[in-house]
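Visitor: Given chain S, work out where chain W should sit, using these hints.
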Amino acid sequence: MKSIRTPRALAAGLGAARSGTDHWWEQRLTSIALVPLVFAGIVIVMSIVGRNHAAAVQILGSPIVAIIMLLFIFATTLHMKLGAQSVIEDYIHSKPMKTALLVGNSFLCVVLWLACTFAILKLSFGV
Amino acid sequence: MESLKFGIAQERRFCFKGSTRQWDYSSMADTPARVERPLSPHLQIYRLTFTFLMSGFHRVTGIVTYFGFFLVVWWLLAAAAGPNDYAWVQWFMSTWIGRLILLGFSWGLIHHSLGGIRHLIWDTGHGFEPHEREWLARATLIGSISLTLLAWIIGGFVMGGLR
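Chains S and W, in that order, are what the protein sequence lines are.
The first sequence begins at 2 in my numbering and counts up one residue at a time.
The second sequence begins at 17 in my numbering and counts up one residue at a time.
In short, the hints are calculated from the structure, not lab data.
There's no promise every hint is true.
[To be verified] Each pair of labels, with its calculated beta carbon distance range:
(1) S:Ser107 <-> W:Leu165: 33 to 43 Å
(2) W:Ser56 <-> S:Ser95: 15 to 25 Å
(3) W:Glu145 <-> S:Ile68: 15 to 25 Å
(4) S:Thr118 <-> W:Trp107: 17 to 27 Å
(5) W:His135 <-> S:Leu72: 12 to 22 Å
(6) W:His147 <-> S:Leu115: 43 to 53 Å
(7) S:Leu72 <-> W:Asp139: 17 to 27 Å
(8) S:Ile93 <-> W:Ile61: 17 to 27 Å
(9) W:Leu136 <-> S:Leu72: 11 to 21 Å
(10) W:Ile170 <-> S:Phe75: 22 to 32 Å
[To be verified] Here are some chain S residues the structure puts well away from chain W; computed CB gaps all over 12 Å:
(11) Pro8
(12) Leu11
(13) Ala13
(14) Gly14
(15) Arg29
(16) Ala101
(17) Val104
Ideal Cβ positions, reconstructed from N, Cα and C, are used throughout, including at glycine.
One chain only, chain S, in its complex shape (with noise of 0.2 Å):
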């Protein structure tokens, strides 16, 4: 069968750039995580909402819950800024519109990942 490649990818023999399906694929690697950090996540609130400061520092400062509440917060950012992206690409059809939002999405997630992440971290280190 005849290649479809074009001559000059041939002669640069780099391939496909294997990157098309990142959207898709990441958001699937992070429903899969959500699926158990999701449940942790709830019996961890669950276990802390009754209870008063000093006990809610302690239970999130402790490694595993720390750890737990890390990597679900890590899925639950990146998965939200992959959701919101899909909601604003189907729905936003002014460009400049578009392009705020993405901006401001990808921003804004970030910017939860890392207020969530140092809080954790605080808890757990104490400072």
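Guide: Structure of chain W alone, referenced to chain S:
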């Protein structure tokens, strides 16, 4: 020769988009080349079905929980900031509006998770038969409501979160 050229030009013009429709060229001479192309269906055109509603609800819960996550951020930052800031979170979560938002957020999160599991099942190529789609949509809704109630009963009454 002129007409043949014209015919080819028309043919090219209408075949270019890969359409498989049979075009009627008989009136091409006196009418402008404007063709009624089929539109892809909009939300208003689809018949309202349960699976369609659940599909939309998956996206809605995704958007709602996006903003619901701000509660988690506020809660964690307040816990890291100290007892005074944490008291505000505790106060808000004890009000009726706070509890209603928390109930909606937890239901949305659980529903979106179950809906996501449904999508992961579909990703394997299974569950596309009509009765399977119906069953999965029902299981998602019934599952999300029961799991949310279970979480609130355990968290609120057994573990004492609502007291």
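Visitor: Find the hints from earlier in the document that the structure breaks and name them by number, from lowest to highest.
Guide: 3, 15
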